[in-house]
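Between the sequences and the hints, there should be enough to build the whole structure, so can you do that?
Protein sequences, first through last, are from chains V and Z. Start counting the first sequence at 0; every next residue gets the next number (numbering that gives the first Met the number 0). Start counting the second sequence at 0; every next residue gets the next number (numbering that gives the first Met the number 0).
No lab work stands behind these hints: they were computed from the structure. It is possible that part of the hints are untrue.
[What the hints assert, rightly or not] A few chain Z residues that don't get close to chain V, going by computed Cβ distances all over 10 Å:
| no. | residue |
| --- | --- |
| 1 | 35 |
| 2 | 65 |
| 3 | 121 |
| 4 | 128 |
| 5 | 150 |
| 6 | 227 |
| 7 | 229 |
| 8 | 289 |
| 9 | 293 |
| 10 | 338 |
| 11 | 345 |
| 12 | 429 |
| 13 | 556 |
| 14 | 559 |
[Stated by the list, open to error] Rough simulated footprint, nothing fancy, chain Z against chain V, three-plus residues with beta-carbon under 8 Å:
| no. | stretch |
| --- | --- |
| 15 | 84-97 |
| 16 | 245-253 |
| 17 | 267-273 |
[Stated by the list, open to error] Facing chain V, from chain Z, some residues (calculated, C-beta under 8 Å):
| no. | residue |
| --- | --- |
| 18 | 28 |
| 19 | 40 |
| 20 | 336 |
None of these values were measured; they are calculated from a predicted model. The beta-carbon is built from N, C-alpha and C at its ideal position, and this holds for glycine as well.
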Amino acid sequence: MTGITIPRLSSTRDIPLFISFRESMPDVQRIDLLDPAEVARFGGIEIVARGVVEGFLSGIHRSPLRGFSVEFTEHRAYQPGDELRYLDWKILARADRLFVKQFEQETNLRAMILVDASRSMAWSGAPSRLTKRAYADRLAAALALILLRQRDATGLITFDEVVREVVPARVKSGQWARLVRGLVDTPDGQGTVAEAALVRLTSLLARRGLVVLVSDLLFDRELALTALRYLRHRGHQVIVLHLMDPGEAELSGPPEVRYRDPESAASVVVRPRELARAYQATVRREIDAWRMACRRHGIAYYHVLTDMPFGMALRLLA
Amino acid sequence: MTFLHPLALVGLAAAAIPALLHLLERRVPPEAEFPPLRYLSETERQNARRLKLRHLLLLMLRTALIVLIVLAAARPLFPTQSSSGSLHAPTALAVILDNSPSSGVVVDGRPALERLKGAARGSLTRAAASDRLWLVLADGVARAGTREALLATVDSVSVSARRLDLTAAVGAATRLVDAEPLPAREVHVVSDLQRTALGTGRAEVPRGVRVLALAPPSQAPANRGVGAARVTAGAAAIDIVGAPGAVAEHGAASVTLRVRGREVGRALAVPGSTVGIALPSLGPGWWMGEVVLDADELRADDHRWLVWRVAPPARLAASPSPGAGPFVAAALAVLEDAQRVHRGGTEVTIGDRPGAGTLVSVVVPPSERALIGQANRALAARGGRWRFAAAGTPGPIAGPVLPTIAGLQVTRRYRLEAERDGRRGTGDDTMVLATVNGEPWLVRDGRVLLLGSRLDTGWTALPAAPAFVPFIDALVNRVARGEAPISEVEGAPRVEFLTRGADTVGATVYGLDPRESDLTPASPALVHDVLGAELLDEAAFVAARFAGAGRRDGSGLLLMLALLSALVELAVATRTR
Numbered sequence: 000m001t002g003i004t005i006p007r008l009s010s011t012r013d014i015p016l017f018i019s020f021r022e023s024m025p026d027v028q029r030i031d032l033l034d035p036a037e038v039a040r041f042g043g044i045e046i047v048a049r050g051v052v053e054g055f056l057s058g059i060h061r062s063p064l065r066g067f068s069v070e071f072t073e074h075r076a077y078q079p080g081d082e083l084r085y086l087d088w089k090i091l092a093r094a095d096r097l098f099v100k101q102f103e104q105e106t107n108l109r110a111m112i113l114v115d116a117s118r119s120m121a122w123s124g125a126p127s128r129l130t131k132r133a134y135a136d137r138l139a140a141a142l143a144l145i146l147l148r149q150r151d152a153t154g155l156i157t158f159d160e161v162v163r164e165v166v167p168a169r170v171k172s173g174q175w176a177r178l179v180r181g182l183v184d185t186p187d188g189q190g191t192v193a194e195a196a197l198v199r200l201t202s203l204l205a206r207r208g209l210v211v212l213v214s215d216l217l218f219d220r221e222l223a224l225t226a227l228r229y230l231r232h233r234g235h236q237v238i239v240l241h242l243m244d245p246g247e248a249e250l251s252g253p254p255e256v257r258y259r260d261p262e263s264a265a266s267v268v269v270r271p272r273e274l275a276r277a278y279q280a281t282v283r284r285e286i287d288a289w290r291m292a293c294r295r296h297g298i299a300y301y302h303v304l305t306d307m308p309f310g311m312a313l314r315l316l317a
Numbered sequence: 000m001t002f003l004h005p006l007a008l009v010g011l012a013a014a015a016i017p018a019l020l021h022l023l024e025r026r027v028p029p030e031a032e033f034p035p036l037r038y039l040s041e042t043e044r045q046n047a048r049r050l051k052l053r054h055l056l057l058l059m060l061r062t063a064l065i066v067l068i069v070l071a072a073a074r075p076l077f078p079t080q081s082s083s084g085s086l087h088a089p090t091a092l093a094v095i096l097d098n099s100p101s102s103g104v105v106v107d108g109r110p111a112l113e114r115l116k117g118a119a120r121g122s123l124t125r126a127a128a129s130d131r132l133w134l135v136l137a138d139g140v141a142r143a144g145t146r147e148a149l150l151a152t153v154d155s156v157s158v159s160a161r162r163l164d165l166t167a168a169v170g171a172a173t174r175l176v177d178a179e180p181l182p183a184r185e186v187h188v189v190s191d192l193q194r195t196a197l198g199t200g201r202a203e204v205p206r207g208v209r210v211l212a213l214a215p216p217s218q219a220p221a222n223r224g225v226g227a228a229r230v231t232a233g234a235a236a237i238d239i240v241g242a243p244g245a246v247a248e249h250g251a252a253s254v255t256l257r258v259r260g261r262e263v264g265r266a267l268a269v270p271g272s273t274v275g276i277a278l279p280s281l282g283p284g285w286w287m288g289e290v291v292l293d294a295d296e297l298r299a300d301d302h303r304w305l306v307w308r309v310a311p312p313a314r315l316a317a318s319p320s321p322g323a324g325p326f327v328a329a330a331l332a333v334l335e336d337a338q339r340v341h342r343g344g345t346e347v348t349i350g351d352r353p354g355a356g357t358l359v360s361v362v363v364p365p366s367e368r369a370l371i372g373q374a375n376r377a378l379a380a381r382g383g384r385w386r387f388a389a390a391g392t393p394g395p396i397a398g399p400v401l402p403t404i405a406g407l408q409v410t411r412r413y414r415l416e417a418e419r420d421g422r423r424g425t426g427d428d429t430m431v432l433a434t435v436n437g438e439p440w441l442v443r444d445g446r447v448l449l450l451g452s453r454l455d456t457g458w459t460a461l462p463a464a465p466a467f468v469p470f471i472d473a474l475v476n477r478v479a480r481g482e483a484p485i486s487e488v489e490g491a492p493r494v495e496f497l498t499r500g501a502d503t504v505g506a507t508v509y510g511l512d513p514r515e516s517d518l519t520p521a522s523p524a525l526v527h528d529v530l531g532a533e534l535l536d537e538a539a540f541v542a543a544r545f546a547g548a549g550r551r552d553g554s555g556l557l558l559m560l561a562l563l564s565a566l567v568e569l570a571v572a573t574r575t576r
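What follows is the structure, given as structure tokens:
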């Protein structure tokens with residue numbers, strides 16, 4: 000896997016009004032590496048996702064997601080950063096020129112993106128940040144666009160207490176628009192019962208494929224893991240993107256406050272300054288617990304803060 | 000334990016502030032959504048015990064901090080055995096600073112008074128605001144005041160011309176401090192403790208009053224001074240006083256007599272002796288001389304003023320009046336032999352009625368009661384306003400003009416009364432010179448001297464007393480001329496003349512008390528017996544001051560504890576989050 004070169008931006012104010020990413024902003028590099036909230040101001044999900052993908056793909060040199068088998072298609076000139084295993088040694092020996100071999104997937108990947116649309120996702124720790132749901136929508140749209148450009152069949156499931164939207168995995172044109180519409184049409188839900196959505200998913204994924212769960216994981220871990228384990232048992236590649244607002248990672252606020260769970264009637268009165276350090280430790284433990292549990296079952300787990308640039312989040316998947 | 004500022008303890012109510020704040024903080028807190036509530040609940044559940052302990056510890060530390068600060072502000076005083084560097088319980092303190100003339104003696108090049116002032120300053124400096132203070136100087140007056148005021152007084156004190164009776168001063172000071180309702184009462188005697196300064200009797204020291212006396216230097220300088228000087232029979236008699244050891248140390252001292260600035264005689268004298276220096280022939284009038292002694296360590300007593308009157312003898316009638324009685328005639332005969340009076344003049348007559356044509360008449364009552372009216376009419380005819388009245392009660396003679404006859408008994412007398420509405424005359428020429436039982440007995444009424452008793456042993460003991468002839472001498476030579484006696488008064492050496500109109504009629508000579516010249520210190524036993532005082536050297540005196548009521552200020556320790564509490568509170572508040 001080649002490394003991704005991340006250009007340095009002098010300032011986000013250097014970016015003009017977003018119209019067309021590559022053509023109109025040749026000098027504005029890598030919009031996928033900007034602050035997500037800044038990027039979100041450029042337009043709707045489609046525009047943002049497209050811009051992110053443009054930027055993201057310009058920084059990498061191969062498909063971020065590989066199929067199960069590949070077939071040689073053509074040569075191209077070697078560029079610094081290309082993996083040497085793809086170097087065509089015969090041409091090098093014959094012509095003393097560096098070419099790498101490029102392959103095309105023989106079989107398309109079937110990917111399903113699961114987006115948590117529960118009430119807890121519609122929360123932001125600061126007005127300047129995207130809500131977890133907004134971040135998840137844009138990230139899911141970008142991811143779907145990448146997959147579709149690789150001619151991978153990509154579908155979508157949104158869920159809260161129940162499955163809200165289901166867009167079966169397809170690779171035909173217009174699929175990305177349907178996916179985006181599915182995201183947009185899903186309102187903020189109430190509680191979160193992930194296992195129900197995951198069970199429903201098993202019935203929708205007849206062939207082995209890729210499952211990407213985008214959620215804040217504020218539900219029962221064991222029940223969710225049971226479902227994810229089942230998918231893994233069925234041969235699916237499972238990726239969990241654990242979204243978290245920076246305000247959830249660190250406790251702060253007034254001297255005393257009553258915090259209320261948006262998904263239930265539960266509340267608790269705390270003094271943030273007293274509990275800040277212990278709360279951080281609890282969050283770290285929880286993240287570690289998810290990571291260890293996923294690793295144990297062969298599930299890829301990534302912790303994503305909502306102030307992380309979309310490109311960085313996509314890079315985690317590469 | 001006592002408190003210097005007990006009112007500050009009211010601030011202890013502030014100790015309730017942390018608890019009140021804790022209760023007041025139990026208001027309805029603001030609400031906010033927080034999705035990861037499950038993490039928060041888990042965190043709180045795991046830390047509930049620690050948080051309770053932390054809250055309790057912080058509450059206790061903050062309460063203790065306020066209590067410690069308030070207690071420190073109240074300045075707690077703890078009893079202590081040591082007096083150095085500590086405070087003391089409220090004390091009534093009288094400092095007796097003996098600045099009598101003897102304190103002017105120079106010892107090792109330094110006036111003794113400076114050492115005494117230093118000790119007095121030390122006592123007053125250690126006084127606190129809660130103490131009641133007095134300062135007694137040689138004048139015997141107890142000055143009450145603040146520490147600063149009395150320190151200023153001590154700084155301004157100089158050697159006084161007054162002698163201090165230490166026994167009386169200590170007695171008065173102990174009564175003064177004993178009347179104060181304070182926990183401790185002390186009298187500090189800062190004196191050279193002359194043996195002669197301890198008066199008669201002993202000071203009654205009330206129970207609970209400590210009298211501390213600063214011990215004098217072990218060896219007092221041998222001193223000599225002019226104790227007294229008077230003129231008799233054409234010569235100056237000078238008493239030399241001082242410590243007995245002065246003779247061995249210095250030998251005989253040279254005494255010089257100066258009259259109007261000119262030396263007229265010189266003699267050698269030792270303490271305890273009286274030397275005479277002949278006066279030159281001087282004309283009539285008032286003369287002033289100065290006796291000067293060789294300088295020694297105490298200069299104040301090395302000179303003394305001397306005043307005397309040179310006047311011609313009084314001229315009496317050629318033959319004494321039979322009405323005066325035999326004792327007067329005999330006394331006049333003695334005076335005539337001594338050339339104190341001359342016969343054949345008209346200056347003074349003595350009889351039972353005013354002499355016609357004489358300048359001054361000394362009138363005694365007639366021997367017969369029936370002649371009283373006649374005598375009164377004669378007095379009235381002379382222009383007198385005083386007359387003989389009814390018989391008076393017996394009693395002793397009193398009066399400053401003729402001190403030699405004071406106390407002699409009068410057994411029979413007539414009361415002397417002014418004629419006009421009981422007025423005894425208010426003019427310059429009227430003066431009551433002696434009294435018996437508070438009633439006039441000898442009156443000067445213009446040119447008449449009126450006696451209430453005949454000068455006879457049947458009337459008074461005067462004729463039989465040795466003072467009779469000097470009395471007659473003074474009567475005809477001085478009193479008849481309207482002159483007052485030359486008096487000697489304690490004070491800064493000087494002379495003050497008494498005048499009447501253009502005439503000088505008397506003089507007052509001021510000088511030091513001769514007892515000040517004897518610098519021999521009293522023995523410790525005598526000091527203890529007479530003054531009831533503990534005699535202490537300088538180090539012991541410093542240590543013993545306020546030692547009976549030593550208190551250490553605990554506010555510093557409390558402030559340290561408060562600081563420690565604040566640091567612990569800060570650590571608990573920041574490290575236990």
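Query raised in the report: Are all beta-carbon distances from residue 345(Z) to chain V longer than 10 Å?
Result: Fine: 119 Å to the nearest Cβ keeps residue 345(Z) off the interface.
Query raised in the report: Counting residues of the stretch 245-253 of chain V with a beta carbon closer than 8 Å to any beta carbon of chain Z, are there 3 or more?
Result: Answer holds; 4 residues pass the 8 Å Cβ test.
Query raised in the report: Going by Cβ atoms, does residue 35(Z) stay more than 10 Å from chain V at every point?
Result: violated (5 Å)
Requested in this report: Quick one: work out the minimum CB distance from residue 227(Z) to chain V and report holds if it exceeds 10 Å, violated otherwise.
Outcome: Non-interface label stands for residue 227(Z): nearest chain V Cβ at 93 Å, farther than 10 Å.
**Report entry** Closest CB of chain V to the CB of residue 229(Z) still more than 10 Å away
**Finding:** Fine: 98 Å to the nearest Cβ keeps residue 229(Z) off the interface.
Query raised in the report: Holds or violated: is there a CB of chain V closer than 8 Å to the CB of residue 40(Z)?
Result: holds (6 Å)
Query raised in the report: Taking the closest pair, is the beta carbon of residue 121(Z) still more than 10 Å from chain V?
Result: holds (57 Å)
Query raised in the report: Holds or violated: the stretch 84-97 of chain V covered by chain Z, criterion of 3 or more residues with Cβ-Cβ distance under 8 Å?
Result: That given contact is violated, which follows from only 0 residues of the stretch 84-97 of chain V lying within Cβ reach (below 8 Å) of chain Z.
Report task. Hey, is residue 338(Z) genuinely clear of chain V, shortest beta carbon separation above 10 Å? Result -> holds (117 Å)
**Report entry** Status of the stated non-contact between residue 429(Z) and chain V (beta carbon gap over 10 Å)
**Finding:** It holds; residue 429(Z) is separated from chain V by about 100 Å at its closest Cβ, greater than 10 Å.
**Report entry** Minimum beta-carbon distance criterion (8 Å), residue 28(Z) to chain V
**Finding:** holds (4 Å)
Query raised in the report: residue 293(Z): least C-beta distance to chain V exceeds 10 Å?
Result: Given a closest Cβ separation of 92 Å, the condition holds.
Of the numbered hints listed earlier, those contradicted by the structure are 1, 15, 20.
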